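S.K.: For this one, chain Z is given, so just place chain U on it according to the hints.
Protein chains: 2
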Amino acid sequence: MPTRNESAAALLDGIRSFIEPAQVRTDPDSCLNYGRDWTRLYTPDPLAVVLPSNIEQIQQLVRYANEHRLALVPSGGRTGLSGAAVAHHGEIVVSMERMNRILEFDPTGRSVTCQAGVVTEALQNFARDHGLYYPVDFASRGSSQIGGNIATNAGGIKVVRHGLTRDWVTGLKVVTGRGDLLDLNRGLIKNASGYDLRHLFVGSEGTLGIIVEATLKLTRPLREPSVMVLGVPDLDGVMSLYHVFRNKLELSAFEFFSELALRHVLKKGVQRPFDAETPYYVLIEFENPDESHTDQALALFEHCAEQGWLADGVISQSETQAKELWRLREDISESISEHQPYKNDIAVRISRVPALLAEIDELLAREYPDFEVLWYGHIGDGNLHVNILKPTGLDSATFAQKCGAVSEHLFAVLQRHGGSISAEHGVGLTKKPYLHYTRDETEIGYLRAIKQVFDPNGIMNPGKIFD
Amino acid sequence: MPTRNESAAALLDGIRSFIEPAQVRTDPDSCLNYGRDWTRLYTPDPLAVVLPSNIEQIQQLVRYANEHRLALVPSGGRTGLSGAAVAHHGEIVVSMERMNRILEFDPTGRSVTCQAGVVTEALQNFARDHGLYYPVDFASRGSSQIGGNIATNAGGIKVVRHGLTRDWVTGLKVVTGRGDLLDLNRGLIKNASGYDLRHLFVGSEGTLGIIVEATLKLTRPLREPSVMVLGVPDLDGVMSLYHVFRNKLELSAFEFFSELALRHVLKKGVQRPFDAETPYYVLIEFENPDESHTDQALALFEHCAEQGWLADGVISQSETQAKELWRLREDISESISEHQPYKNDIAVRISRVPALLAEIDELLAREYPDFEVLWYGHIGDGNLHVNILKPTGLDSATFAQKCGAVSEHLFAVLQRHGGSISAEHGVGLTKKPYLHYTRDETEIGYLRAIKQVFDPNGIMNPGKIFD
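Each protein sequence line maps, in turn, to chains Z and U. Here full-length UniProt numbering is used: the first sequence runs in plain steps of one and ends on residue 467. Here full-length UniProt numbering is used: the second sequence runs in plain steps of one and ends on residue 467.
It cannot be assumed that every hint is accurate.
Stated by the list, open to error - Below, a sample of chain U positions facing chain Z; criterion: calculated Cβ distance under 8 Å:
no.: 1; residue: 190
no.: 2; residue: 239
no.: 3; residue: 320
no.: 4; residue: 322
no.: 5; residue: 463
Claimed, not checked - Derived DSSO-like pairs: lysine-lysine, alpha-carbon spacing no greater than 30 Å straight-line:
no.: 6; chain 1: U; residue 1: 343; chain 2: U; residue 2: 268
no.: 7; chain 1: U; residue 1: 432; chain 2: U; residue 2: 343
no.: 8; chain 1: Z; residue 1: 158; chain 2: U; residue 2: 173
no.: 9; chain 1: Z; residue 1: 217; chain 2: Z; residue 2: 323
no.: 10; chain 1: U; residue 1: 432; chain 2: Z; residue 2: 173
no.: 11; chain 1: Z; residue 1: 248; chain 2: Z; residue 2: 323
no.: 12; chain 1: Z; residue 1: 217; chain 2: U; residue 2: 343
no.: 13; chain 1: U; residue 1: 267; chain 2: Z; residue 2: 432
no.: 14; chain 1: U; residue 1: 217; chain 2: Z; residue 2: 158
no.: 15; chain 1: U; residue 1: 402; chain 2: Z; residue 2: 248
no.: 16; chain 1: Z; residue 1: 217; chain 2: U; residue 2: 432
no.: 17; chain 1: U; residue 1: 268; chain 2: Z; residue 2: 217
no.: 18; chain 1: Z; residue 1: 343; chain 2: U; residue 2: 217
no.: 19; chain 1: Z; residue 1: 402; chain 2: Z; residue 2: 343
no.: 20; chain 1: Z; residue 1: 158; chain 2: Z; residue 2: 217
no.: 21; chain 1: Z; residue 1: 390; chain 2: Z; residue 2: 267
no.: 22; chain 1: Z; residue 1: 432; chain 2: U; residue 2: 217
no.: 23; chain 1: Z; residue 1: 267; chain 2: Z; residue 2: 343
no.: 24; chain 1: Z; residue 1: 217; chain 2: U; residue 2: 402
no.: 25; chain 1: Z; residue 1: 432; chain 2: Z; residue 2: 173
no.: 26; chain 1: Z; residue 1: 323; chain 2: U; residue 2: 248
no.: 27; chain 1: U; residue 1: 267; chain 2: U; residue 2: 402
no.: 28; chain 1: Z; residue 1: 390; chain 2: Z; residue 2: 402
no.: 29; chain 1: Z; residue 1: 217; chain 2: Z; residue 2: 173
no.: 30; chain 1: U; residue 1: 402; chain 2: U; residue 2: 343
no.: 31; chain 1: Z; residue 1: 432; chain 2: Z; residue 2: 402
no.: 32; chain 1: Z; residue 1: 248; chain 2: U; residue 2: 268
no.: 33; chain 1: Z; residue 1: 248; chain 2: U; residue 2: 248
no.: 34; chain 1: Z; residue 1: 158; chain 2: U; residue 2: 402
Don't read these hints as lab results, they were simulated from the structure. The model shown is predicted, which means the values in this text are computed figures rather than measured ones. Cβ atoms here follow ideal geometry from the backbone N, Cα and C, with glycine treated the same way.
Excised from the complex, chain Z in its bound form (with noise of 0.2 Å):
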């Protein structure tokens, strides 16, 4: 961690010589709003937050922080959900809001290049307005940017058919933890020349350094996508439509959430979508143009309710139906904030699914009796939501610390499966102490090395996946 000898003014009035000094925020609001993210587990207590406008003034802050010793946050759309953005020691908060430009579109070539500042929602438009379409796409599309869906190698509700945020970069601009401004990769499709840095820095939480620019790979649209909500009667049967609908469809998503988790979307008054009450529900959406698959999909829906596999469904008839029935499964996170959920973001190998599901559900029925369990997720990708909602009237503290005395049982169970603890949400500071039940120790060692190459003095967001 790094230490200051100098006094707070002082260090400020250095920045403020090459960052416009309205650009060097101390006031409480910025302070409580900069440094933090989705978690509100931690007090914001940044020293500044610090908005730049262009790369040199990054590079220029980077080289101060290390003569001075000063922790820097870089921050995006603070949409995160494992704390990565908090600033809570008296760090600098490095916004990147105000580099939001898209700098070059190649129409031929399908890629768009532009500020880590941009919001993802923004470059789906633009993709969009061009008769393009950028696929990686989650809740949180409306604030959260480009740079800190790359820190964090995002994922979300298409990765089944397009992959994670890491399969769509093809250049990235950064500038490290000593200063260096790296051009890596440059937008090519192919370039075998030596280790891929880029890579290294998709996913490493602003730890290494601060992703400036970035190039990203655009696709065609989604062909009128349809879009059904099956109702199924247990996990068994989530597994068995995953196979059958994925063989037969070409499938853009494959979503679940349970009844439990419906629930409070319904609260917010949203419709059930049929009558049956199950106790867990597929969302699944492929390309339907012309609806040339919709009686391909009404036969796999007849097979698998012969099977017993599901109960009750169904199929969109317009694209204002399918935006409805998707708000089912996407709105669920939000729906349950108010009740401060304890989240956790678990992946294994598809193949591992319904054991694990089997292990963990008997675990939390023993460990939570009294807590409400939400399951919702992304069981093409093997990935699972698992949130608990806090009893009203149990304090936060008290809350939390029941949580994570659980948390060291089901990660005990997950790492027996091979699975992740962290499947898209990053480790960040909520995540850190359960690590080793994923990366071993002489992977954490690796880990550790690398961080010393680009950022030796540690001022890139230290104390943040691991100490």
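M.R.: Then chain U, alone, in the frame of chain Z:
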């Protein structure tokens, strides 16, 4: 570079204490065959060839090599074109050919785990036998190995749709240059738990450690692909065809080659695809189940012919015809091998291809007026193979020297266009002098530092990629 103070015999006896003596070979035939790849520029001179049968032996070997400062050259099918698998300075070749078993298959997760020595075609056949498809494909499929494919991030003829080897690796077991066994990512689709070391090993050309096992995704087979070959008057036409066909059909390949390249294949007895001779040809492959897209393809053909972008063409009517058409492109490399071609394998962003081609064409006509220069490659990936044939009578050394001199000019042009000196062949020995045209000195400094993390004694494939 490691140095040795002990006698070779004593060193090899030491290795024979943990690897079966018959698998530690020093006979001239083994040294010759295992000491080289498909380049023929270097005189093989390994100390020995070692063929381990399990991971423990490899770990023991790496630890032994560290103690005695022995250099190790990991060795797959040795089909590489950059000399990365060459042992010409008394190294120990570590052949993976005895570790060639498929270990696990997961039909629901569509993935397979195999040892590094599995031959590409064996994996492709395994996938096909299970109704699936491993889409990384190239002419040397019959002898290249999965470990080597990963170590070079092999590309090939299906990248435009299916990406590179990197995109299919979900897990990697490696023995690092320190002798540690790392079990990286373990087949997970999603895993946001710190830096992804897996991607450092992809494309590392044996310089960080030895890849011993991999988990690879599989996908569904292509649905009745059709192949078109089109005769194109100029390179602008090639680009126009790419734009038009890619927007309307789901392409699985978009290859190009020159008339000069085609003639070498025709000499081997393959039929010319149609009467017209044009300077360039394009091969397009697209899914065409029940010939549902034939009309679309023919309409595009008509449109492009009207625009003057193509002069003639043919579409396959059967799988056999499709295979015959593929030979026109796939057989080029083998048909010219007797001319000891000097190979350049370059890449730029697709939008830069026309400008780059024009400049290089002019450069080569000026600098190589007496040499036969053949073009072919993967336009959809911005990847061009430039092959210069050795004139009969010119000695190899003079030829190589002349070609190397022009490479400096060629790579200077490439650098201005932000390109790569090696798209898919790797750096190895042949491209090492030119690495700085693609990676700047700052970046190369980071590459060296990362090498130091994984291989502090420099025993892993020393002298490859950089010194």
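S.K.: If you test the structure against every hint from before, which numbers come out violated?
M.R.: 3, 4, 5, 13, 15, 17, 24, 32 and 34
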